[in-house]
Amino acid sequence: MMNRVLTSFNTFALILLFLSFVFSVFSIKTLKVNNTQSMKVNFFELSEITETQKRLPRAKPIEKIKEAGLIKTKEINQLEASLDVEKYKISKPDIKKELSKIKLSKERTEILKISSIIQDKISSVWIKPNSLSKMLTAKVLINLAPSGEILNYELVEPSNDRIFDNSVLTAMNKISFLEEIIGIERGIFESNFRNFKLVFKSSGEIE
Amino acid sequence: MRGLIFLILVSSNNIFSILEIEILKGSDNLSKIAFIPFGIEKNIDEKYGDQVSSLIEKNMVLFGEFENLNKNEMLSFPSTEEDFYYRDWKIMGVDYSVIGRINSVNALGNLNISYSLFNINRRIKILDGEIVGNENNIEGIAKIISNRIYEKITGLRGIFDTKLAYVVNSNSKTYQICVSDIDGQNEKILFSSPSPIMSPDWSPDRKKIAYVSFENGFAEIFIQDLISGERESINALGMTNSAPVWSPDGKSLALVVSFSGNPDIFSYSLNTKRLNRLTNHYGIDTEPSWSPDSKKMIFTSDRSGSPQLYEINVQSKRKKRLTKDGSYNARGKYFPDGKSIFFVHGNNGNFQIATKKLSGRFISTLTSTSLDESPTISPNGNIIIYATKKDENGYLAGLTLNGKSRFALPLKNGSVREPAWSPLLK
Numbered sequence: 000m001m002n003r004v005l006t007s008f009n010t011f012a013l014i015l016l017f018l019s020f021v022f023s024v025f026s027i028k029t030l031k032v033n034n035t036q037s038m039k040v041n042f043f044e045l046s047e048i049t050e051t052q053k054r055l056p057r058a059k060p061i062e063k064i065k066e067a068g069l070i071k072t073k074e075i076n077q078l079e080a081s082l083d084v085e086k087y088k089i090s091k092p093d094i095k096k097e098l099s100k101i102k103l104s105k106e107r108t109e110i111l112k113i114s115s116i117i118q119d120k121i122s123s124v125w126i127k128p129n130s131l132s133k134m135l136t137a138k139v140l141i142n143l144a145p146s147g148e149i150l151n152y153e154l155v156e157p158s159n160d161r162i163f164d165n166s167v168l169t170a171m172n173k174i175s176f177l178e179e180i181i182g183i184e185r186g187i188f189e190s191n192f193r194n195f196k197l198v199f200k201s202s203g204e205i206e
Numbered sequence: 000m001r002g003l004i005f006l007i008l009v010s011s012n013n014i015f016s017i018l019e020i021e022i023l024k025g026s027d028n029l030s031k032i033a034f035i036p037f038g039i040e041k042n043i044d045e046k047y048g049d050q051v052s053s054l055i056e057k058n059m060v061l062f063g064e065f066e067n068l069n070k071n072e073m074l075s076f077p078s079t080e081e082d083f084y085y086r087d088w089k090i091m092g093v094d095y096s097v098i099g100r101i102n103s104v105n106a107l108g109n110l111n112i113s114y115s116l117f118n119i120n121r122r123i124k125i126l127d128g129e130i131v132g133n134e135n136n137i138e139g140i141a142k143i144i145s146n147r148i149y150e151k152i153t154g155l156r157g158i159f160d161t162k163l164a165y166v167v168n169s170n171s172k173t174y175q176i177c178v179s180d181i182d183g184q185n186e187k188i189l190f191s192s193p194s195p196i197m198s199p200d201w202s203p204d205r206k207k208i209a210y211v212s213f214e215n216g217f218a219e220i221f222i223q224d225l226i227s228g229e230r231e232s233i234n235a236l237g238m239t240n241s242a243p244v245w246s247p248d249g250k251s252l253a254l255v256v257s258f259s260g261n262p263d264i265f266s267y268s269l270n271t272k273r274l275n276r277l278t279n280h281y282g283i284d285t286e287p288s289w290s291p292d293s294k295k296m297i298f299t300s301d302r303s304g305s306p307q308l309y310e311i312n313v314q315s316k317r318k319k320r321l322t323k324d325g326s327y328n329a330r331g332k333y334f335p336d337g338k339s340i341f342f343v344h345g346n347n348g349n350f351q352i353a354t355k356k357l358s359g360r361f362i363s364t365l366t367s368t369s370l371d372e373s374p375t376i377s378p379n380g381n382i383i384i385y386a387t388k389k390d391e392n393g394y395l396a397g398l399t400l401n402g403k404s405r406f407a408l409p410l411k412n413g414s415v416r417e418p419a420w421s422p423l424l425k
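Listed in order, the protein sequences are those of chains A and B. Under numbering that gives the first Met the number 0, the first residue of the first sequence is numbered 0, with each subsequent residue one higher. Under numbering that gives the first Met the number 0, the first residue of the second sequence is numbered 0, with each subsequent residue one higher.
Same shape as in the complex, but just chain A (with noise of 0.2 Å):
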């Protein structure tokens, strides 16, 4: 009994376990991914790519038409040359890694674009002194809910320039919502700026 329980739910699983494969290759082969798309997100990472196609059987589109007869050979000859049909080749593999690191890379943008905002909204309030030539550091911590308020702040790594925590302080008064981050992926928010620090610098630079 406990047997052809066991079997069937194995055989269960099996199916499952196809099923899901199955239904993998198929929504990847479904979802295009331009090759430039995927070319423009990680240009950065091109070397890689290419070392991995390098491995990879090459295509023969080109062969077919020639067996075809369909073109003349020096106009195809003039075609191969034109298009350089190894560096678009992307394998199943490739995909989904593509998707991973589109995920990854726009999740990354999402991140560095929020920043960019609040360290402007943090810059427009913070009347910076003239410190000279002191190179200053100080950092708060902060406490953001999803909607935007800033629950608490606290001056984790204080300067020890008591005019420069001031103003540090000063700034962050004058803030009580950063509404930017409102309408961003939860996911993004609670690993990213749930919690994260403002990082004050002053370069002891004469400006």
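The reader is advised that the hints may include incorrect statements.
[Claimed, not checked] Here are the simulated lysine to any residue pairs, SDA-like style, with alpha carbons at most 20 Å apart:
#	chain 1	residue 1	chain 2	residue 2
1	B	Lys411	B	Asn185
2	A	Lys120	B	Asn185
3	A	Lys120	A	Leu168
4	A	Lys133	B	Cys177
5	A	Lys200	B	Asn401
[To be verified] One-sided excerpt, in silico: chain B residues whose CB lies under 10 Å from chain A:
#	residue
6	Leu155
7	Leu321
8	Gly380
9	Asn381
The set of hints was computed from the structure by calculation and includes no laboratory data. Ideal placement from N, C-alpha and C gives every residue a C-beta, glycine not left out.
Following the hints, put chain B in place on chain A, whose structure we already have.
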């Protein structure tokens, strides 16, 4: 146990991966201050309440370092902490508010002035003070209060009781050396001559001024006492002497002496009246200026073919070239912290005020006018005043080093040159 380790790993990972956003740039805005008319006691002339706060306001906004709130925009006029409501000022965008009260001490006109400074954004009182002075010296009292407020807000020494010395050339035949408050008020003529006067410099105790006068037909250094007006020539060697600069310890003067027409830098001990030669070069060495610790000097020399700045150790006499950019760098002086210098930088016929960190490689120009000369720095290191020209008329202009403010001092009759900022009162 394993779970615990895992938890620690995860949480520690979380701590290290916390997002940090760097804030390097501050706002271009200035801090806004409300100078609320001071409250007064019944038996005191009402005018004082407004006068004291207005004088403080005038001082604080003098160099464009702060913005003020107009009196007609104020929602209330509190003079005590009990009547003071932060929200009245917060909605006006005010960063700091100054309130105060004036009480009579006695029938001789002595006043007791108490004042407070509030940080509106942080909702805290950051300064409480009290000062007793005579009604004839309201300006002086306001300067002391202004200094304290300035120090509390900026962390820099207040400079409202410092003075400026400068040369006025009212027409081609009259040269004057003058001293005034930093706002140009209370100007006094120290010495007047039909022959050129140059290079005024303050003694560290602010009691004397050294300068060069051509009254006897050659460049001669004089030291004049500001109170008695007594003048003393220190024409030590009977030759052309120029560019006197007091050492910050007050013990000696740096000066330029020309032996057979070749200027070199010397230090002159005011006690022993002895000259100590620091440079000996066939090039022109001039415009010495002491480092804040009196151990080094900066000077201009054309030994390389063009005027450039050099630093010399007064003890070892070891020299070091400081500037290489451009064909003209002169009139060098140290910042009060001794870590940077400022000077006149010439480039394509434009002469501008520039700064350089002693440890750095690059210079940065501060001004955009083209005929700037003889810069002098406020003793707190925050403001530079220099002489510049417009239609052949010399006037004094200035800037704050955070780049937020530029200003011109009120014009006088005649050309004004060579400003020298006094040290702080000790």
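Hint-by-hint comparison with the structure:
1. Lys411/B to Asn185/B: 13 Å, holds
2. Lys120/A to Asn185/B: Violated: lysine 120/A and asparagine 185/B sit about 45 Å apart, past 20 Å.
3. Lys120/A to Leu168/A: 15 Å, holds
4. Lys133/A to Cys177/B: Distance ~35 Å between lysine 133/A and cysteine 177/B Cα, so the pair is violated.
5. Lys200/A to Asn401/B: It holds: about 15 Å lies between the C-alpha atoms, which stays within 20 Å.
6. Leu155: Since the shortest Cβ distance to chain A is 7 Å, the answer is holds.
7. Leu321: At about 16 Å, which exceeds the 10 Å cut-off, the nearest Cβ of chain A leaves the hint on leucine 321/B violated.
8. Gly380: 6 Å, holds
9. Asn381: 6 Å, holds
Of the numbered hints listed earlier, those contradicted by the structure are 2, 4, 7.
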